[in-house]
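Be aware that the sequence shown starts at 143, since it is given in this note's numbering, and climbs by one per residue.
Where hints are given, some of them may not hold.
To be verified - Distance condition first, Cα-Cα at most 20 Å in a straight line; then the derived SDA-like pairs of lysine to any residue: (1) LYS258 to HIS287; (2) LYS208 to VAL293; (3) LYS190 to THR162; (4) LYS190 to PHE230; (5) LYS180 to ALA191; (6) LYS210 to GLU220; (7) LYS210 to GLY253; (8) LYS208 to GLU275; (9) LYS180 to ASN192; (10) LYS258 to LEU207; (11) LYS258 to HIS197; (12) LYS190 to ILE155; (13) LYS180 to VAL159; (14) LYS258 to GLU235; (15) LYS208 to HIS250.
Quick caveat, the hints were computed from the structure, so don't treat them as lab data.
Note that the structure is predicted; figures quoted are calculated from it, not measured.
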Amino acid sequence: MLPNKEPLDVTVIGGGVVGTAIGRELTRYRLHVALLEKEAEVGFGTSKANSGIIHGGHHAAPHTLKGKLEWAGNQRWEQLAAEIGFGFQRIGELTVARSDDEVRILDHLLGQGHDKGVPGLELWDRSRIRRAEPNLSDEIVAAVHAPTTAVV
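Can you make the complete structure from the sequences, with help from the hints?
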C-alpha cells in the first residue's frame, strides 16, 4: 500500500485477531490508525491456528481479569459478526464430570456463571446427557450445559 501523508494517531503492531479488533475499534473514534503486519495477510500468524471457540463465559473466576472479560467478550462476538459479516454460531458446550469430586467442580463453574449473569447454564444429570449425546462415555455422571459457547 502507498504511504499516506496524513499524520497517524495510533499504530497497531500485529494484524491478528486482537490487533485488527483494536484497529477497528480505534477507527470508530475518527483516529488515523495504521496496522502493521509482518505476514503477507492479516491473521496469518498465531490467529490462524486458533481453535475459533468463543468460551461460554462461566469458566474463569469472576474476580480475575479473564473472568471479568470472558462473558463481556462473548457477548460482543455476535454483534461483530453481524456488523462485519463472518460466520458465527452458538453451538453450546458440555463440561462433564465422572465423579462426585468433579460434580463439585461443576457446581463451582455453575455458580461462577450465575454470578456473572451468563444465561441458560444448567446442570444436567446422566439421563439428560444421554438424550443429548448418546455416544458419550457411561462414566459421565453430570455435565454443565452452556448454550452460550460459540465458534467462528
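These are the hints, each one checked on the structure:
With a CA separation close to 16 Å, the supplied pair LYS258 and HIS287 stays within the 20 Å bound. For a cut-off of 20 Å, the pair hint linking LYS208 to VAL293 stands: about 19 Å separates their Cα positions. Of the supplied pair hints, the one linking LYS190 and THR162 holds, its CA atoms being roughly 13 Å apart against a limit of 20 Å. Of the supplied pair hints, the one linking LYS190 and PHE230 holds, its CA atoms being roughly 16 Å apart against a limit of 20 Å.
About 16 Å separates the Cα atoms of LYS180 and ALA191, which keeps this hinted pair within 20 Å; it holds. For the proposed pair LYS210 and GLU220, the alpha carbon gap of about 18 Å is at most 20 Å, so the pair holds. Note on LYS210 and GLY253: the hinted pairing holds, with a Cα-Cα distance of about 15 Å set against a maximum of 20 Å. The hinted pair formed by LYS208 and GLU275 fails the criterion: a straight-line CA distance of about 30 Å is larger than 20 Å.
Restraint check: the Cα-Cα separation between LYS180 and ASN192 comes to about 18 Å, which is no more than 20 Å; the hinted pair holds. The suggested pairing of LYS258 with LEU207 holds, with an alpha-carbon distance near 13 Å, which does not exceed 20 Å. A distance of roughly 13 Å separates the Cα atoms of LYS258 and HIS197; the hinted pair therefore holds under the 20 Å criterion. About 17 Å separates the Cα atoms of LYS190 and ILE155, which keeps this hinted pair within 20 Å; it holds.
For the suggested pair LYS180 and VAL159, the alpha carbons sit about 14 Å apart, so the restraint of at most 20 Å is met. A C-alpha spacing of about 17 Å is found between LYS258 and GLU235, which places the hinted pair at or below 20 Å, so the restraint holds. With a C-alpha separation of about 16 Å, the suggested pair LYS208 and HIS250 falls inside the 20 Å cut-off, and the hint holds.
Consistency note: the structure conflicts with earlier hint 8 alone.
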